[in-house]
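Each residue of the sequence shown is one higher than the one before, counting from 198 in this note's numbering.
Hints in this document: simulated from the structure, not taken from any laboratory.
Remember, predicted model here, so these are calculated numbers, not experimental data.
Heads up, some of the hints might be wrong.
[As the list claims (entries may be wrong)] Label pairs and their calculated CB-CB ranges:
1. Trp292 <-> Leu267: 15 to 21 Å
2. Ser318 <-> Ala241: 25 to 31 Å
3. Leu252 <-> Leu311: 36 to 42 Å
4. Gln212 <-> Trp260: 55 to 61 Å
5. Asp291 <-> Thr330: 21 to 27 Å
6. Gly271 <-> Ala204: 36 to 42 Å
For glycine and all other residues, C-beta sits at the position ideal for the given N, C-alpha and C.
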Amino acid sequence: MSTPMDAQQAWRDLQRIRVPQERVYDEVERSASGRSGATWTTAASMWVLLVVTGLELPRWGVWLALAGHLSVLGALARSHSRRSRVRLHHSHCDWRMVAGFVSGAVVTGGTIVLAGRLVESLEPMTGALIRATVSASVFVLFVGPVSRWSTRSLRVRGGAQAGEGAGR
C-alpha cells in the first residue's frame, strides 16, 4: 500500500534539500571565480622556475629552484584547503574538470616548449626572461576562464540529480 502524498509538503521538503545544495554550488563557483591570489602566486613561482632553468645553472641550482617551486605549490594547496568553507563529503570530478586540467597542462607545457625553441638563439638571460614571461602569461590567461567553465557544470549536474530524486 502506498501512503498518500501531500504535494505542498513534498515541495517544502524539496526546497529544504535544494537550498543548502545551491549554497554549496554558489560557494564552489565563488571560489573558482573569486580570489585570484593563488593563480598569481603560482604564475610567479612558475616564472621564477622557468627563468632559473633557462640560465644554464648547475644541476643543484635547478633542483633547488624546483624544490622551492614545489614547496610554494604545496603551501598554496594547504592554505586553500584550510581557507575553504565548503567541506564536501565526496568530491565530484566530471569530464569538464579533467578536460580543463589536461588542456591547461597541454597549453602551458606547449607554450614553454615553443617559447624555448623560439628564443634559443638569444642570450640565456634574455631568452629565459622572454620564455618565462610568455609562459606565465598564457597560464594566467588560461586558468580563469577554464576554472569558471569547469565549475559551472557542478550546478547543472547537481540540479539534475535533485530533480531525479524528487521524481522517485
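Results of checking the hints against the structure:
1. The hint said 15 to 21 Å for the Cβ distance between Trp292 and Leu267, and at roughly 28 Å that hint is violated.
2. A hinted range of 25 to 31 Å holds for the C-beta pair Ser318 and Ala241, which are about 27 Å apart.
3. Checking the proposed 36 to 42 Å range against Leu252 and Leu311 shows it is violated: the Cβ atoms sit about 19 Å from each other.
4. Between Gln212 and Trp260 the Cβ separation comes to about 56 Å, which falls inside the hinted range of 55 to 61 Å.
5. The hinted window of 21 to 27 Å between Asp291 and Thr330 is violated, with their beta carbons roughly 33 Å apart.
6. Restraint check, Gly271 to Ala204: a C-beta distance of roughly 52 Å breaks the suggested window 36 to 42 Å.
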